[in-house]
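**Student:** Listed below are the residues making up each chain.
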Amino acid sequence: MNKCKTIKRLLSSYLDKETNSEKTALVEIHVDSCLLCKEELLALQKIKYLVLSKEQRTLPQDYLVNRLREEILNQQYCETRPPWIVIMGNLSRMLIPLPGAVIVLSIIFLISISNQQVDKYSLEEHILSGTQTTTEIALGLILGS
Amino acid sequence: MNDDKLHIEQFLHGEEKGFEMLVGKYQNRVLNIVYSLVGKDNESEDISQDVFLKVYHGLKSFKQQSQFSTWLYRIVVNTTYDALRKRKKIIYDEEILTKSTDDRNDPKDILFIEERETIIKNALGKIPIKYRTALVLKDIEGLSYIEISRVLCCHIGTVESRIYRARQFLKKELFNISGELI
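Line by line, the protein sequences are chains A and B.
Under numbering that gives the first Met the number 0, the first sequence has 128 at position 129, and the numbering climbs by one with no breaks.
Under numbering that gives the first Met the number 0, the second sequence has 94 at position 95, and the numbering climbs by one with no breaks.
Careful: at least some of the hints might be erroneous.
[Said to hold, decoys possible] Straight-line alpha carbon distances no greater than 25 Å define the calculated BS3-like cross-link-like pairs of lysine-lysine that follow: (1) A:K22 - B:K4; (2) A:K2 - B:K53; (3) A:K53 - B:K170; (4) A:K7 - B:K129.
Bear in mind the hints are in silico, worked out from the structure with no lab data behind them.
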């Protein structure tokens, strides 16, 4: 069993023809007489075959060359453009969120103004109607009137 | 002087054609390694493009102490690892990818081959990336253990062990997915 363990470790490199003559002989003699190790070798052969027979990807002849040309030209343009264009580009990118922020702040401002007006008018209407305020009712209860 | 050296010399003397010849020669090999590690067509193309951009910018500093292919494969592996790190998780979706060969006419054959491809792809995707890289360089690219050790900058014993483990993982995964070795 111990020998099988040693041989099984060698089977993968034996399959890849990466074992020296001594180890190759060791594997071949053992596999001839050991059914378990023979099965393991066959399984590994099948796995190697499956990976080998995996379909290969191919690209059209000039496909990558054309993509690379474009990308290299882009990079060269970016490296050679004048610094003021870079600064302007960065500035414009920084200014993109500005209109959004202005709109949001304006909405918040309008909502707060309208709330204040509602409070003001409701208090004025209350006083004019002559009904007691909450403070007056509370004071009346405390003083027993 | 071999072809690669000739093309590198051409490029270093200002002829873009030299670089384009290198791209033409290696683009499918690079794509297949990246695809086997990443599992997605579009992303593989983008990573392959990044690889050749690095080659384009790095060729001037390539000292030619190792073979160009070894240097290139090292860039392939590192660029793919970076992309996977950015993505954080390796997604192996179930999409049936565009096939490069369409000389199979029998629908049953096509279905069987596509199904088998998907199973192998999914099983490969479950292998830890460092074991998978060694296996891909061996079985897809056909490099020797010594060449793989140069690409991955590790000991030849480590390569042997990673390939062994990758095959054990693959065997287990194939059994889990399809109940047999297809």
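**Student:** For the pair we were handed, K53 (chain A) and K170 (chain B), check the Cα-Cα distance against 25 Å.
**Tutor:** holds, 15 Å
**Student:** Holds or violated: are the alpha carbons of K22 (chain A) and K4 (chain B) at most 25 Å from each other?
**Tutor:** Between K22 (chain A) and K4 (chain B) the Cα gap is close to 37 Å, so the pair fails against 25 Å, i.e. violated.
**Student:** Are the Cα atoms of K7 (chain A) and K129 (chain B) separated by 25 Å or less?
**Tutor:** Measuring from Cα to Cα gives roughly 21 Å; hence the hint holds.
**Student:** Quick one, are K2 (chain A) and K53 (chain B) close enough, alpha carbons at most 25 Å?
**Tutor:** violated, 48 Å
When the structure is compared with the earlier hints, violations turn up for hints 1, 2 and for no others.
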